[in-house]
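Sequences are here, hints too, so could you generate the full structure?
The numbering used here applies: residue 1168 is where the sequence shown begins, and numbers increase by one.
Among the clues, some could well be false.
The following label-pair restraints were derived from C-beta to C-beta distances [claimed, not checked]: (1) D1221 <-> N1280: 29 to 35 Å; (2) D1242 <-> V1294: 20 to 26 Å; (3) G1187 <-> G1228: 17 to 23 Å; (4) A1296 <-> D1208: 34 to 40 Å.
Hint data in this document are derived by calculation from the structure and do not stem from the laboratory. In this text the structure is predicted, and so the values were computed from the model without any measurement. The C-beta atom is built at its ideal place from N, Cα and C for all residues, glycine as well.
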Amino acid sequence: MATIADLLAEGSIDLSLSAGNKNDTIERMVDLIGASGALVDRDVLIKAVRAREDVGTTGLGDGIAIPHGKCDGVDRPALAFACSDEGVDWGAPDGSLANLVFLIAVPAAAAGNEHLRILASLARNLVKADFRNRLMSASTPQEIRAVLEGISV
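Right, here's the structure in full:
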């Protein structure tokens, strides 16, 4: 069974995100998806992620945001992860800034609701303070992937 780590290339991890706003962060995260080799069309993916944000924020609170897009901008499921010490205003219901941002990108033709399975797997773990702390304290992409290795999709 695939794990979250299987969808996250080491080059798709930014441990010192400095993008100051949501739109800049979305663009940075899409560029990180590019490192996975899954990116087909940057603009299409950015548009899909922004369209999803227009429906409602993907800022979950507790310093977490999980933007996502299902479109032809990628040719296979992929993740990007960024950690921001200063945080990004994602419009979370609790008013917290997002320090941990995961971008989920899946092809439009993906079977069923694959992006929702990935989202649910991440969310189930991100509600745990210990899990969030392990992500925040990781200092290398390899450590991030190790934290995510046990989470099945």
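Inset, instruction - Would you list, in rising numerical order, the hints stated earlier that this structure does not obey? - result: 1 and 2
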